[in-house]
Every structure is written in structure tokens, then in C-alpha cells.
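Chemist: Given chain A, work out where chain B should sit, using these hints.
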Amino acid sequence: MIINNVPMKGLTSEEYEKAIKISWKPQLQYAWDNGIGIGKYLASLKEGMILAAYCQKCGRIMLPARAFCEMCWRPTDRYVTVKDTGVVNTYAICHINWDASRLKPDEPRHIPAVIEIDGASQGQGILHILGNVEPSNVKIGMKVKAVWKPAAERTGSITDIRFFEPY
Amino acid sequence: MGYRKVAIVGAGITKFVRRAQETGPEMAYLASKMALDQAGLKLKDVEMITLGSAPDAFDGVHMKGEYLLSGAGGNNKPYIRNFVGGGTGVFAPIHGWIHVASGACDVCLVVCSEKMSSCHPHPQGAFLTIFDHTTEQPLKPTLIWIFALEMRRYMETYGLSKADVARVAVKNKNNALDHPSAQVAEAVTLEDVLNSEVLAEPVNRLDISPASDGAAAVVLASEDVAKRLTDKPVWIDGVGWNLDTSYWATKDLYYPRYVEKAARMAYEMAGITEPHKQIQVAEPYDPFDYKELHHMEGLLLCERGEAARLTAEGYTARSGNLPTCPSGGALGVGNPIAATGLMKVIEIFLQLREEAGKRQIPGKPRVGVAQAWGDLMQVGTVIVLRR
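Residue numbers (the numbering used here), protein chains in the order written: chain A, 1 to 167; chain B, 1 to 387.
This is chain B alone, in the form it adopts within the complex:
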């Protein structure tokens, strides 16, 4: 299709924390500087920058792209903010890919920075305006309603129990024990998750990722530049994104067809015809434990309704046939919205380079997929990486 090859050549990430002392721009700086250092580049080598960050309401700062500009190294450069809710963290590198694949530049810095803790009494409040102001907000919704509604629909459709779903939280929180950025890594058991406080049935507290502050960044380069910079470029082989209707209550919530459409777009570009055979590692978005199952199915990594059984069988453990969220995911590492998606892309990058340290999966993986999800349960963003 005439796209140029694009590689990831460096990555940076902060710790994910409940409350950072650092401001959003300071966090963006820390992650960006680490990514450039890892790539062996200076800011002057960066031609374009794309910045991902979630709702302005978290920070109480309008023009958040401009607010984060300096930290992301964007002064006096072609710089733009992108945003698709929770899908932003994987859309940001897709956006960077567009910059480089099109030939607009050879080196693009992708930065995601999120500071949720500024919002009081709870960042959940910032989400209220995602509901329709006229037909839904008067019902006094809370953010968690939509997750509880979707989780119930998914469980009912396939006859799943709470335990079937909770195994994802157990896996990811335990995986996160090996991630240096992790905020809520914990050696939890299935009983711990099932016995945690009930917030909105069927959702318990440990089914949910936390609110977090954190930042992540990657450097993208065109083929010539990438080969000069590193012996181990990781190629962006396919990208896809898709948005379903905003009339969220009119679509069947048991299956994320928009994730499937995004995945098919990315797989077609990457020449992947049998995803469950050709992909060796996956980072599906897991803000809630059932979402990982939902997204494994949407990503066509297994048959519909099968993800829970595969999880119980250890298929998705780091030692399994198809490890999912070896990083520890949003459930374990934390969920600073936009930074979470990019953390997942970075995890696949490190796994394919066999540089994931204690988290490294066996078998020299060659192809991995990262995915994020968000807006009003309607966006899927997918990226396929290959070493």
C-alpha cells in the first residue's frame, strides 16, 4: 500500500503511582528523556512529536496537549495531541506510525502522560460527562455502571462464573510483581479477588485497575534510520483502529466487534491470517479483568466464549502457549489511562527483543499484539509488532 517500514527503536517509562509529586509535564519529560537515551538520540534528532493524554478533566487543564508540550519536547516542532479515551495509549504510536510511514518524517517521538490524581474527590467523577447529558446523566450514573453492565452481559452469554473472570486479575497482579513500574502488583489469590469489596455487582474491587499517575514514551524511526540506530529494531507491522456507535445501549455488549474490526485492519496489513497461531504474545487492554477476556476474543486470539477456559488452563500465563499481559497489565502495573496503552506496546517491544528481564516469556517470540479500548465502550486500537 506504499507505506514505509517503521520501527520502534527506544522506550521509556516512569513508575506508575497513586499520587505523583511530579506534574504531567515533568512525568512526560522523564519518560521521553529515557526513550531518547535508549534510542541513542537527542531531542534535536526528533522531527515530529505526537502526544496522547486522556480527558482534560483529570488535570482540570484545558489545552492539555499544550500543557504537556514542553515535557514532551515539542517546543517549536510539528507536535499534536491525539485522543480516543482509553484507546489513546495504543492510538498514540499508531499516530506516530502515520507520521513516519507516510514519509512526513524519519524520527517521531510518541509520548503518553497521564496524571489522574489531581481530580477530587475521585477521578471517576471526570468520567461522568461521557454519558449523554440529556438522556443518561439525569439518571445519576457512575462510571462503573457500564463495566458492571457489560461484564454481566458477557458472563451471562457464556455462562461464566465470577471465578472464571477473576483468574485474569490473579494472573496479572502476580505478573506485575516483576515490573519495575508496578503500582498494585500483589501475590493475590482467587479467594482474595472474590472476597474483595463488592462495588457494583458483579464487579469487586480487585476486578478493577486503579487510578494512576504515570508516563511512557517510544521513539519511532524509518527503516534506514532504525537500522543505523540499533541491531534490534522492532517493526510496526500492522495498525488498526475502529469506533462503534455512541448509542452504546443499542449494541450487544457481550462482544467488542469494533475491536475485531480494528484487529482485522491491523492483521491484514501485517499479513496475519491465523492470529492465534501467528501471534506469540499479547497485551490486551485489561482495565477490568473481564475486559482481557473480551479483548482476547475481539482480537481473534481464541473462539468467542473460550477466553476464560484458556485462562484457567494456563494458556495465557507467561509459560503458556499465548501469554497475555506478561507485563502485569493495567490490573497490576496500574492504569494511567493513555500511558497504560503505551506501556503495553513497550512490553511487546521488550518481549520481542528478549529484554523483558524477569518477565521474559520463553520461545523467542517474533510477533506480538497490543490493544487498547475506551471512549464510551466503543473504540478499539490495535498494533502488531514483529522483530
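Only chain A is shown next, with the shape it has when bound in the complex:
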């Protein structure tokens, strides 16, 4: 059975424009509960601190804070504050938006990074963005520090840290 002919050809852009279509724009909203572990994590961010969870069985200090250790499958033993500095594990320089539309030439580039936070166990990274740095100057292994919003503007969100910058 050598497969040489397969069905379907695909619509050209012109054919697609002409085709009768039904469209729907969902008007849904969700409100996500923070839960126990992340609730404490967010409350801590509001205070200008990064909170991790400690499991005395495996000895890991885990980020973000969590109610149970997924490796030992037991409750974590206590929450511990870690530093607001860390090391860039990897990064990207992004030129597009979420919908694949392109950033304008003069718009600042997004620099997402995985940052291993000092004071947590090795390899415990979080996703955040880098700022106050030329994209071409970013390096893996670079030391970075959180730049916090002023206390009055913090709401208990990951964006209470505006970004991480080299120090």
C-alpha cells in the first residue's frame, strides 16, 4: 500500500475569504482561586519577598511555594523566605505578541527568562522577564535582582516584581 494520493487540498486565502463562516467570540471570564501554597506566595510578594516551601524529607526548598511536595507526596513542612536575587538559567528575546503579531520596531523587546532564585534548592527557577538591560548584553549565568513595584502599588501578584535586572 504505497500512499501516493491523499484527500484534501486546503483553501487558498481567496477561497477562505469567500467561504461562508460562522464565528463566535467567547465572552467568558474566570476567577482562579490562589489555593493554599500559591496564596502564601502571592501574599509574600505583596510584602516584597519571595516565598518558598521546605520539605524536610527530601530537603528541597521549592519555588513557587506549595502546600505539598510532589516528589515525596506529603505536606511541605514550612514556608521559608528566599532572596530576591538569582541567576539566569536561560532567556529569549521575543519579537512577537501572543497572537503571533509582530512588535513594532520601536517597541521594547520582551526578554523572558528562567531565573534560578538564590536561597532555593539548585535548579529551582521561576519564569519572569528581564529589564533595564540591552538584549544583546544578556547572558546565561548572569546575576539578576528583582525590581519591585512600590509597596503601595503591590497587589499580591507575580507582577509585583516588575522585572529582574542585572546587578
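Check each hint, because a few of them may be wrong.
Unchecked claim - Derived DSBU-like pairs: lysine-lysine, alpha-carbon spacing no greater than 35 angstroms straight-line:
no.: 1; chain 1: A; residue 1: Lys46; chain 2: B; residue 2: Lys251
no.: 2; chain 1: B; residue 1: Lys261; chain 2: A; residue 2: Lys139
no.: 3; chain 1: B; residue 1: Lys261; chain 2: A; residue 2: Lys9
no.: 4; chain 1: A; residue 1: Lys57; chain 2: B; residue 2: Lys261
no.: 5; chain 1: A; residue 1: Lys139; chain 2: A; residue 2: Lys40
no.: 6; chain 1: A; residue 1: Lys145; chain 2: B; residue 2: Lys162
no.: 7; chain 1: A; residue 1: Lys57; chain 2: A; residue 2: Lys46
no.: 8; chain 1: B; residue 1: Lys251; chain 2: A; residue 2: Lys143
no.: 9; chain 1: A; residue 1: Lys104; chain 2: B; residue 2: Lys162
no.: 10; chain 1: B; residue 1: Lys227; chain 2: B; residue 2: Lys44
no.: 11; chain 1: A; residue 1: Lys46; chain 2: B; residue 2: Lys140
Stated by the list, open to error - Covered by chain B, according to a simulated footprint, are these stretches of chain A (three or more residues, beta-carbon under 8 angstroms):
no.: 12; stretch: 31-43
no.: 13; stretch: 123-131
It should be emphasised that the hints constitute simulated quantities derived from the structure, not laboratory data. Every residue gets a Cβ at the ideal spot worked out from N, C-alpha and C, and that includes glycine.
Modeler: Frame of chain A, contents of chain B only:
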């Protein structure tokens, strides 16, 4: 371990396209009908059906399994949808294997149908909720972030250049010129890939597979039934799957250890102890070019950090010692998520039967492996086939 032998006895596939006129169920029907025709079976001969399809958000249809039911021939039969993100296309035949190997049925139809083009302005948007809603989504991530982050980490770990990685895209897009389903086959050069638009450094446009519509299907049969139906059954010798932590930023992104665990599970079942010697053809999942390298290493087909060099040396070309993605892969044939993985399984099926036409690799391959990957960079699904 008491499993019954299971063979693939027929395969069907549609063309992979940017925008299909056909609906998801219509695509599922076309692929399923072709697979049954090839196997010499009627729908009434099919006892159970498993259906793979990726996020409901692509179609904007909840209960997508039920939506695709009729096209997959599932009415009034034991039918179920399975889903592990991008790993679905190889998990679906594993799921079908469970049905037959367990003795629950003798004939199982496996269908994967994916229509991404319904989602506007871009199906990438459907992926946003894979990021944690509380700790990550407020940072306004785009899907491509995670690939760029992982690719950078992989390149940095082994000191690889963009060209080292881009050779995969060149190989696969050229291989796809011989695949009748191909959406983005192109005789591209290394310069074309390196000079294509930069989307999220280090990822350029031609490093990435496209969004696609398409469907694929295979028929699985127990040993007795398979031997009655065909002189050339292709046996499912081993299956494996594994999921790593959803705290994706806490694992080292340079190596997919969950793929290795899935591969070891499949190899143990198949009695494979030296994969690089015992496997003659591979279809690692290649939604991005670096992923093929990543997955060759996770599949233990070469040493860690060696995949790029082997690619440059032609080791993975169709004429090489271990051809990878002779189909053209997701990078060349296209990437209708769940259907892509099953397309890869079908490619190994055809290669082992020496029915891959212009894509046929030399040397009468006996053992091949197909693999898919997905969710939040955390699932590996692996299937070993033998003729």
C-alpha cells in the same frame, strides 16, 4: 508480561493544509476510511475506537471527542478520546495497543484529527492557558517563549550554533518534498533558515513547524486477525510514556529525561538494549528543529550533545546510518498536533513494509521508533515497531 501481540494492518492520512475546507469530523472520516480500506476491513469489523485530538480551544468545541465521534466511526461503539498535548499522536496508538494487547478487543481503530485553523487571530492563542494562570500568565507569555528558552539552554549546554540546529529544518523540509501530505515541503538551504525572520531569539520562522489541519488513522489487530489480513503485519513491540513535573522552570531544559524514561519503558518491552544499533529508522518529534536533536538524545539514539554533529555528518539523512524523520516531519509535512504523531507512526509502518515510495530508506529496515512530545514540555510518548 502477558501482553498479546498487536500489529498495525492499515493506515490512512489526509493532506496537511493551512486551512481545510473540511470540518474536523470530515477529516477524521477521510483518514479512517482510508485506513480501513487499506486493511481490507469494514467499520462493522472494528470493535473499539480511540481518538486523539489536542486542545478543545483550537476548535472552540467542548467535548471534542464527541464532536469527532461520527467521523471516527465511533457511533454505538466503545469509543474514548485520549489527550496528552503534543504527545497525543503517539499516545493514541499506544492507547489502541492497550485495548488489543489486553485482550479487550481484536480490532481497534486509532484516529487523530486536528483542525487548528478555526482559532483566530492565531491558534497560538489557544496555548496561553498552558502557562500557570496565577504565577505565569500575568507576565503575558507567548507560546514561543518556552521553545526559545529551551533551545537557548540546549545550545548553550553543548556550545551549538544556530547552523548546527538549522540543519534539521533543511533536512526535514527537503525530505517532505516526497510526502504526498506535505504542507510546507521546500528545497530550503541552510542560509534560507538562518536568514528567515527572527521571531524569538534564538528561534527563526523556518525553525518552526506550521499550524495545520489534517488527520491520520491506523488499524490495530491482534496476532490471529493480523495474520489473516496481511502478509506484512508491522508489530508494535514496545510502548512507553512518561510525564515530568508541571513546574517546568525547575527542571533542566537541556535534556528531556521524561523522553528517556518513556523510551526505556518501550525498549525494555521490545528487548532493545542498544537502541543506536538495533533501531534502523526513527521519527523523533520535530515541532522545532532543535527538538529533533533533543529527542534523538532522549531516545538514546546517540550520546548527549552529539545529535547536531551526527546531523551535519549526514548520519540522519535518508541515506545515513540512522535516518530521522524520513517523512519530512512536522517541519516539512506540517503539524496538525495529534495527527502529526500518528503521521510519524505511519511513516515507520510504511518504511518497515518498504512501501514508503520515494521516501523509502535503503537496507530493509526491521525496527523503527516514533516519538511525540508535548504538554508543558513534559510528556514523552514512544512506540517501537518491528516487521
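Chemist: Going back to the hint list, which numbers does this structure go against?
Modeler: Hint 3 is the one this structure does not satisfy, whereas the remaining hints hold.
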